[in-house]
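A.B. asks: So you can see what is in the structure, the chains are spelled out below.
2 protein chains.
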Amino acid sequence: MKRAGPMPPAARAIVNGDRRVLARVISQVENGDPAAAPVTRVLYPRTGNKPVVGVTGPLGVGKSSLINQLVARLRELDRTVAVVAVDPSSPYSGGSVLGDRIRFDRRADDAGVFFRSMASRGEVGGVAAATREVTRLLDAAGFDVILVETVGSGQVDLAVRDVATTSVVVLVPHLGDEVQTLKAGLFEIADVFCVNKADLPGADVARRDLVELVALGSDRSGWRPKIVSTSTTQPSGIEDLWSAIAAHEEFLDRSGARRADERRRVSSEVVELVREKVGRELAGRLEREPALRHWVDQVVERTLDPHTVADRLAKTIGRR
Amino acid sequence: MKRAGPMPPAARAIVNGDRRVLARVISQVENGDPAAAPVTRVLYPRTGNKPVVGVTGPLGVGKSSLINQLVARLRELDRTVAVVAVDPSSPYSGGSVLGDRIRFDRRADDAGVFFRSMASRGEVGGVAAATREVTRLLDAAGFDVILVETVGSGQVDLAVRDVATTSVVVLVPHLGDEVQTLKAGLFEIADVFCVNKADLPGADVARRDLVELVALGSDRSGWRPKIVSTSTTQPSGIEDLWSAIAAHEEFLDRSGARRADERRRVSSEVVELVREKVGRELAGRLEREPALRHWVDQVVERTLDPHTVADRLAKTIGRR
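Chains as they are written, first to last, in numbering that gives the first Met the number 0: chain A, 0 to 319; chain B, 0 to 319.
Just so you know, the hints here were simulated from the structure itself, not pulled from any lab data. If you're wondering where the values come from, they're calculated on a predicted model, not measured in any experiment. Glycine included, each C-beta is placed from N, C-alpha and C at the ideal position. Treat the hints with care, as some may be off.
Claimed, not checked - Pairs of lysine-lysine residues, derived as DSS-like cross-links and limited to a Cα-Cα distance of at most 25 Å, are as follows:
no.	chain 1	residue 1	chain 2	residue 2
1	B	Lys225	B	Lys49
2	B	Lys314	A	Lys276
3	B	Lys276	A	Lys276
4	B	Lys314	A	Lys314
Stated by the list, open to error - Not everything, but these chain B residues come out facing chain A in the computed CB check (under 7 Å):
no.	residue
5	Leu215
6	Arg301
7	Ala313
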C-alpha cells in the first residue's frame with residue numbers, strides 16, 4: 000500500500016510467524032484496543048488471497064468435531080490451518096465459548112495449526128468487524144486456510160457470509176423440518192451443505208431433500224451448492240467436504256465471482272465501520288453539547304419524537 | 000405535541016381501543032413499513048407513563064409460564080396487560096417464535112389482554128427499535144402494564160434495559176454457576192431477580208447466593224434489586240413477583256430515577272436511529288456514486304484499507 004509507513008515491529012513479527020505476537024494483537028482487536036489499528040492497517044495489503052471457510056449450523060450438529068477432522072485432513076494435505084471460533088451471541092451468554100475452548104482439540108504441539116476462540120464484547124456488528132480483522136491477521140500470518148466456526152448461538156449465522164469466501168452449512172438428518180423453515184436463509188449463504196451424522200437414520204432422506212432444494216433454488220452467481228455427507232464417528236466424508244470447499248474456491252477464481260463477493264463484503268464492512276464511528280461520535284456529543292442534550296430532553300418530555308430528533312441529528316453530523 | 004397535525008384515523012382507532020388496527024400497525028412497525036411512521040409519531044406524546052416490564056433469562060427457566068401467571072395475577076387486580084414476546088436472535092432461528100405462539104396461553108376471550116410475538120426481520124438494533132415502537136403503541140392503546148419477554152435466544156438479553164422500565168431476570172436453582180458467570184451482566188440490568196422452579200432442590204442455595212451478590216454489588220441509582228422465589232407448578236410467589244415490580248416502579252417515581260432512565264433510553268434510541276439512517280443512506284450512495292464506488296474498489300484491490308475509506312466516508316456524510 001503506497002501510503003503505508005514503516006512496518007510496526009508487531010506487524011513484522013506476525014508476518015515472520017511469531018505466534019505470541021499474533022495472539023496478542025488478536026486480543027487487542029477483540030478488546031477494541033486502538034493499539035491494533037496500525038498493525039492491521041499496514042498488514043491489509045498482504046491479505047485477501049486465502050480461503051476463509053465459514054462453518055455454521057444449528058447447535059448440536061457436531062461442528063467442532065467436523066472442524067477437528069477437517070483440520071486433520073488439511074494437515075495430511077500439508078496445508079497450515081487457523082481456526083477462529085466466534086460466539087456471535089450476547090456477551091453474557093453463559094460461558095459457551097469457555098466450554099468450546101475445552102471441547103476443542105487444540106493440537107497444541109502442531110505449529111501448522113492455530114486455534115482461537117473469540118467472545119462477543121459488544122454488539123453484533125462489533126463481533127463481525129473484529130472477526131474480519133482477525134481472519135486478515137491470520138491471512139497475513141501465512142496460514143493456508145482459515146476456518147471460522149460460529150458457536151454457541153444455536154442458529155445459522157447469516158453474518159458468516161460477510162466474512163467467509165466459502166460458507167458451509169452443517170445440518171443433521173433429523174433437522175429435515177428445520178431445513179424447510181431455514182430454506183431462504185440457507186440459500187442466502189450456503190456454498191456447501193454438509194449433512195453430518197450421516198450414519199443416523201434418515202440421512203438419505205435429508206440428503207434427497209437438500210438435492211431437491213438445491214435443484215429448485217436459483218444459483219448464486221452460477222454456483223450450485225454442493226451437498227456432502229459426513230460422519231465424525233466413522234469417520235467418513237471429510238475428504239469430500241474439503242473437495243467441495245476447494246471446488247467452490249476454484250469456481251470463485253474461474254468465474255470472477257471472488258472479486259464481486261469481496262466487493263460486497265468490503266461495502267458491508269465500510270458501511271458498518273461508518274455506522275460504528277457515527278454512533279460513537281454522536282453518543283459523545285449527546286453527552287457534551289447542550290444544544291443536542293436539549294433535543295434529547297424534549298424527546299423525554301414528549302414535545303419532540305425520536306424520529307424527528309434523529310433526522311435533525313443526522314443532519315448535524317459532519318457539520319460542526 | 001405542538002407540531003403534530005390532525006390525528007390519522009389509525010392513530011385515533013388505536014387510542015379508542017380498536018385491536019384490529021393496533022395489530023395491523025404493529026405488523027407495519029415489525030416489517031419496517033413507512034405507513035406506520037405518521038401513526039407512531041402522532042401517538043408519541045401519549046406514551047411514557049406505563050410500566051414496561053422486561054422479562055429475560057436463559058432458555059428453559061420457564062419465562063412463558065411465569066408470564067402467563069403474571070398476566071392472570073394482573074387481571075385479578077383488574078389491570079389490563081399487553082405482552083410482547085421478542086426473539087432477538089437471527090431471522091432464521093428455526094421457528095422458535097412460531098413455537099412460542101403455540102406455547103403461549105393467549106387468553107383469546109379476554110379483551111383486557113393482548114398478546115403479540117415479534118420476530119427479528121433484520122439486525123439486532125432493528126428489533127430493539129421495533130420493540131420500543133410497539134411498546135409505545137400498546138401504551139397509547141391504554142394497556143395498564145406492558146410485558147416484554149425475550150424468547151428463543153437462550154441467553155440473558157441485555158438490550159431489555161433499553162426498552163423496559165423494570166427488568167426481571169429469571170433464573171432457576173441449578174443455574175448457580177451460571178449466575179457467577181453472568182454476574183456483571185445481571186447487575187447491569189436486573190431490577191428484580193426471580194428464582195423460578197423454587198420447588199426444585201437447591202432453590203434455597205440459589206436464593207442465598209443471590210442475596211449475597213445483591214448485598215455485595217453496588218446499587219444502581221439507589222435501588223437494591225429485589226429477589227423473589229416463584230413456582231409455576233404450585234403455583235406460588237406470583238403475588239410477590241408483581242409486588243417487587245410495583246415497588247421498583249414506585250421507586251422510579253419517588254427517586255427521580257424514572258426520568259434519568261428514560262433519558263438514557265432515549266439517547267440510546269436516537270443514536271441507534273441515526274446509525275440506521277446513516278447506514279441505509281451510505282449503502283445506497285455506495286451503489287450509485289462512482290467516486291464512492293471507486294474507494295470501495297481500492298479497498299478490494301488493497302490500495303486503501305477499510306478504516307481509511309470509512310474515515311473518508313464518515314466525512315462525506317451530510318456534505319453532498
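A.B. asks: Provide an ascending list of the numbers of those earlier hints which the structure does not satisfy.
C.D. replies: Of the numbered hints, just 5 does not hold.
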